[in-house]
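Enquirer: Spelled out from the first residue to the last, the chains are:
Protein chains: 2
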Amino acid sequence: MTAESAFIASLRAIATHPAARDLADDCAVLQVGAETLIITHDAMAEGVHFLPGQDPADVAWKLVASNLSDLAAKGARPLGVLLGYQLSEDDARFAEGLRAVLSHYDVPLLGGDTIAANGAQVLGLTALGLATHRPVPSRSGARPGDTLWLTGPIGAAMLGLEALQEDPAAIAEASLAYRRPQALLAEGQQLAPLVTAMMDISDGLLLDAMRMAAASDVTLAIERAAVPIAVPEPRRDQALRWGDDYQLLFTLPAGVHPPCQAQQIGMVQQAGLHPLVLDGTAPTGRLGYEHG
Amino acid sequence: MTAESAFIASLRAIATHPAARDLADDCAVLQVGAETLIITHDAMAEGVHFLPGQDPADVAWKLVASNLSDLAAKGARPLGVLLGYQLSEDDARFAEGLRAVLSHYDVPLLGGDTIAANGAQVLGLTALGLATHRPVPSRSGARPGDTLWLTGPIGAAMLGLEALQEDPAAIAEASLAYRRPQALLAEGQQLAPLVTAMMDISDGLLLDAMRMAAASDVTLAIERAAVPIAVPEPRRDQALRWGDDYQLLFTLPAGVHPPCQAQQIGMVQQAGLHPLVLDGTAPTGRLGYEHG
Chain A
1 MTAESAFIAS LRAIATHPAA RDLADDCAVL QVGAETLIIT HDAMAEGVHF
51 LPGQDPADVA WKLVASNLSD LAAKGARPLG VLLGYQLSED DARFAEGLRA
101 VLSHYDVPLL GGDTIAANGA QVLGLTALGL ATHRPVPSRS GARPGDTLWL
151 TGPIGAAMLG LEALQEDPAA IAEASLAYRR PQALLAEGQQ LAPLVTAMMD
201 ISDGLLLDAM RMAAASDVTL AIERAAVPIA VPEPRRDQAL RWGDDYQLLF
251 TLPAGVHPPC QAQQIGMVQQ AGLHPLVLDG TAPTGRLGYE HG
Chain B
1 MTAESAFIAS LRAIATHPAA RDLADDCAVL QVGAETLIIT HDAMAEGVHF
51 LPGQDPADVA WKLVASNLSD LAAKGARPLG VLLGYQLSED DARFAEGLRA
101 VLSHYDVPLL GGDTIAANGA QVLGLTALGL ATHRPVPSRS GARPGDTLWL
151 TGPIGAAMLG LEALQEDPAA IAEASLAYRR PQALLAEGQQ LAPLVTAMMD
201 ISDGLLLDAM RMAAASDVTL AIERAAVPIA VPEPRRDQAL RWGDDYQLLF
251 TLPAGVHPPC QAQQIGMVQQ AGLHPLVLDG TAPTGRLGYE HG
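Chains as they are written, first to last, in my numbering: chain A, 1 to 292; chain B, 1 to 292.
Fair warning: there could be bad hints in the mix.
To be verified - To give an idea of the chain A side of the interface with chain B (calculated C-beta under 7 Å), a few residues:
| no. | residue |
| --- | --- |
| 1 | Ile14 |
| 2 | Ala28 |
| 3 | Gln31 |
| 4 | Ala45 |
| 5 | Leu82 |
| 6 | Glu89 |
| 7 | Asp90 |
| 8 | Arg99 |
| 9 | Gly111 |
| 10 | Ala117 |
| 11 | Gly119 |
| 12 | Gly124 |
| 13 | Thr126 |
| 14 | Val231 |
Hints listed in this document are in silico derivations from the structure and should not be mistaken for laboratory results. Quick caveat, the model's predicted, so the values are computed rather than measured. Here a beta-carbon is modelled for each residue, glycine too, at the ideal position from N, C-alpha and C.
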């Protein structure tokens with residue numbers, strides 16, 4: 001058990017409120033009067049979640065988009081965000097990116113806090129949204145017989161990061177997928193009434209699929225060749241294990257077709273020996289980006 | 001203009017949503033169906049908001065209590081908190097303090113995020129609550145003729161910090177006020193229907209009173225000797241400028257008496273030459289803890 005997983009286990013022991021059922025699920029789901037509030041908080045650190053020296057405007061974009069992606073996976077309509085900001089070298093540029101991403105998604109900045117501290121910059125963002133469909137999709141609802149889908153190709157963020165590392169100065173279309181990920185809010189809202197389970201792929205398809213399988217107590221059987229990829233074929237296995245793409249992974253009852261662009265990549269089976277099988281066998285090695 | 005105030009100014013230019021009217025006010029106020037949601041996010045950094053080597057359980061306590069104090073100033077009933085946690089040396093001890101403070105205030109942990117990063121530990125907490133009275137108290141409602149009140153003595157946290165710095169190892173009652181501040185949630189809810197303005201004193205009485213005066217466009221006239229202090233008389237002026245006590249500062253219409261323990265410390269006047277006068281003259285020098 002890593003330090004992080006030990007700490008998360010102790011947090012889970014504390015987080016016994018029904019709204020926190022989704023502590024493993026990135027979002028809390030809270031009934032407020034007649035409305036269902038979806039809340040998520042993600043932190044990002046320089047050197048871990050973004051590159052030292054990376055354009056602060058891109059960092060702001062990713063901070064907001066990755067949190068909105070958590071809301072997208074719940075079919076939520078965003079209400080606003082709160083920012084925890086550690087001052088750095090180019091705060092004005094961060095503010096520019098923040099303005100751009102909030103305006104792109106038409107999401108208001110509601111508040112937050114700024115602090116001065118030494119060391120690697122640490123940023124936090126809380127995003128709030130309202131459920132557009134109840135029950136709110138979770139990662140735990142996949143049932144044997146369901147079909148397994150992905151909204152779009154993975155691996156684009158991997159290529160983007162490589163482009164950025166090769167030439168940080170270039171204002172590069174090539175790195176756009178890594179620098180400015182998209183939160184699939186419209187797709188999440190279209191899918192919410194239909195899916196049995198849904199989550200966003202932030203840490204890698206195989207790792208996140210494993211999490212969905214564990215939460216749903218099923219086996220997910222993925223057909224390797226059916227997974228849409230944004231990379232050359234020889235790098236397919238790498239793309240399946242790379243994060244930051246923020247596509248939606250979801251399950252549908254057999255015979256139900258998605259109302260948005262998506263590709264069927266496998267099936268849900270009764271829980272077997274392995275929670276995840278790729279072309280019939282359990283994938284080995286690193287499955288994605290493990291935190292901590 | 002400091003880097004922080006420049007950044008905050010740029011944030012304010014972005015935060016144009018009506019719910020963010022309180023961006024200067026520590027909390028956002030958001031209508032959700034028939035309910036009024038109060039949301040606040042505070043960040044704390046090692047070496048700035050808490051001492052390097054300080055007991056992580058105390059750090060957890062202060063992180064939660066200071067955010068709940070923001071809710072108290074709005075008369076809100078807490079719904080829960082989300083934690084942004086940077087892993088450190090004794091995460092288990094942090095979890096113990098977190099459990100203690102959440103159980104003390106009967107507030108659930110709803111979710112959050114943990115990250116591993118280098119450098120000073122940075123923590124974030126988002127607290128959500130529901131308004132118990134509308135309109136929700138703000139710091140901008142003080143009117144000339146109102147009376148100015150404080151819920152209790154200030155300076156206790158200053159003494160507590162000194163005790164802790166002298167002897168970090170002692171499990172000291174003496175440092176309790178600094179290590180485990182109290183959020184005056186019950187008082188805030190009792191006061192909310194009566195006050196014209198309210199805020200918590202986190203950065204020092206004089207500095208925070210100045211902020212209330214500016215937000216309300218009035219002059220606050222404080223009678224120096226009337227301010228309740230927890231320190232020896234010679235240190236009165238210091239206590240008036242010290243933070244971390246989390247008492248509530250509020251204004252009442254003339255003739256209205258507070259339903260909880262409180263001391264009248266002055267009056268609200270028409271906006272004059274100075275936003276704040278202490279025994280008739282503008283206080284000079286540092287008024288409190290200025291961030292950044």
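Enquirer: Now tell me, hint by hint, if it's right for this structure.
Expert: Hints, one by one, checked against the model:
1. Ile14: Given a least distance of 5 Å, the restraint on A/Ile14 holds.
2. Ala28: holds (4 Å)
3. Gln31: Result: violated, 10 Å to nearest chain B Cβ.
4. Ala45: holds (3 Å)
5. Leu82: holds (4 Å)
6. Glu89: Result: violated, 9 Å to nearest chain B Cβ.
7. Asp90: Since the shortest Cβ distance to chain B is 10 Å, the answer is violated.
8. Arg99: Holds. Min distance 5 Å.
9. Gly111: holds (4 Å)
10. Ala117: holds (3 Å)
11. Gly119: holds (2 Å)
12. Gly124: At 4 Å from the nearest chain B Cβ, A/Gly124 passes the 7 Å test, so the hint holds.
13. Thr126: holds (4 Å)
14. Val231: violated (27 Å)
Consistency with the previously given hints fails for numbers 3, 6, 7, 14, ordered from lowest to highest.
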